[in-house]
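Trainee: Next come the chains, spelled out residue by residue.
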Amino acid sequence: NAGVMQNPRHLVRRRGQEARLRCSPMKGHSHVYWYRQLPEEGLKFMVYLQKENIIDESGMPKERFSAEFPKEGPSILRIQQVVRGDSAAYFCASSPPGRVEEQYFGPGTRLTVT
Amino acid sequence: SQKIEQNSEALNIQEGKTATLTCNYTNYSPAYLQWYRQDPGRGPVFLLLIRENEKEKRKERLKVTFDTTLKQSLFHITASQPADSATYLCALDIGNSGYALNFGKGTSLLVTP
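Residue numbers (this note's numbering), protein chains in the order written: chain A, 74 to 187; chain B, 17 to 129.
Bound conformation, chain B alone (with noise of 0.2 Å):
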C-alpha cells in the first residue's frame, strides 16, 4: 500500500541551527513533492515544490532535497528562529495527476531560544 511517512517524534533545536525534516515515501511514483507548514487549527501552506527532475531547491532560509532512488526528501531550515515553530507537512502527487495530493501526519518542529 501507499505510504508517506515522517518522523513521528517532534523535533526540539535551539535557536539559530539547522532543522532537518525526512520524508520516506513507498509504492508512489510522484512528479513532485511539496512541502507545508500548518500552524494549530490553521489550513497548510506552501512551502516549496520540487520536481522529480529536481535534486535541490532552495527559498530563502529554506531547502528541500528529492531522491528518487531513495524515495526521500529532506527538509532543511536554516538560522531557524521560534517563529518556525510549526508543524511541517510532506505532500506527494498521487499518480502523476498533477493536482491530487497526500500529505504525510507531519512534523512537529519546536525552536527554542
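So here's chain A without its partners, still in its complex pose (with noise of 0.2 Å):
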C-alpha cells in the first residue's frame, strides 16, 4: 500500500508565477489536510478536505491560497502570484474514513520563490 504522494518534491517558482501543490493520499482514505512549515518554524495546519468538499479553512490564507480535493485525481494547493514569504516545506496528509486523529503524512513539497 503506497503512502501519501506529493509532487512535485522541489518547486522553484518566481515571484508572481502560481504554484501548484499535488497530494495523492493513501488508498481508502477519504480525508486530506494540508500543513506548511516556514523556515524555523513548525507545522501548522491549513486546511482539511473530503471529496469535493472543504471542511475546514481556518489556517490558510485569505488571500492568494486555494485548495481542492476532487472527485476524480489528486488534491491541489493552489498559490496565486507567489511571494517569496511563501516559501517553505508544504505537507500533505491523510487520514482514514472517521479516524481524523490517525495522520499519514506525505514527504513534502519544498517551494523557493525567488
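Be aware that one or more of the hints could be misleading.
[Claimed, not checked] Result set (SDA-like, lysine to any residue): computed pairs, CA atoms no more than 25 Å apart in a straight line:
id	chain 1	residue 1	chain 2	residue 2
1	B	Lys87	A	Glu175
2	A	Lys117	B	Ser45
3	B	Lys73	A	Tyr177
4	A	Lys124	A	Arg151
5	B	Lys79	A	Ser168
6	B	Lys19	A	Lys124
7	A	Lys117	A	Tyr177
8	B	Lys75	A	Pro169
9	B	Lys75	B	Gln30
Simulated from the structure, these hints should not be mistaken for lab results.
On a predicted model such as this, the values are computed, not experimentally measured, just so you know.
Need the complex rebuilt from these two chains, each delivered in its own frame; the hints are there to steer you.
Mentor: So this is what it looks like as C-alpha cells:
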C-alpha cells in the first residue's frame, strides 16, 4: 500500500507566478489535510478537505491560496502570485474514514520563491 | 498567543540510555497530544497519541506522559539505539477540532554507539 504521494518534491517559482502542489492520499483514505512549515517554524494546519468539500480552511491565508480535492484525481494546493514569504515546505496528510486523528504524512513539497 | 515549545538544543545520548524530550504549551486546551518522528527530507511519522484524560501511554520502548495542569508532555525512549536518531515533534489538537494540528519545532536526538 503506497503511502501519501506528493509532487513535485521541489518547486521553484519566481515572484508573481503560480504554484500548484499535488497530493495523492493513501488508498482508502477520504480525508486530506495540508500543512505549511515556514523556515525555523513548526508545521501549521492550513486546510482539511474531503472529496469535493472543504471542511475547514481556518488555517489558510485569506488571499492567493486555495485548495481542492476533486472527485477524481489528487488534491491540489494552489498559490497564486507567489511572494518570497511563501517559500516553505508544504506537507499533505491523509486519514482513513472516521479516524481524523490518525494522519499519515507525505514527504512534502519544498517551494522556493526567487 | 499560542505556543508549543520543545528543547531547541539537540539531545546527544549514548546508546542504551533513556532519552527524555519535553513539550510545553501555552494557550491551548488540547483534547489530545501527539508525538511524531521526522527524518531529514521526509514527512512526520506518527508515533503516539495521548488524550487529555490519560496520564501515561506506552508503546514498546516509547512512553509519553501528559500533564494538563503543567501543560507539559514528556516523551521517553528507553534503551535508545542509533536508529532512534531523528527529530521528534510534538503536535497539539487545535481547539478540540479532532484533526487540526499545530506542531512544535522539534528536538533533534542523536544516539551514539
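Trainee: So which hints don't hold here, by number, going up?
Mentor: Going through the list in order, the structure violates hint 6 alone and respects the others.
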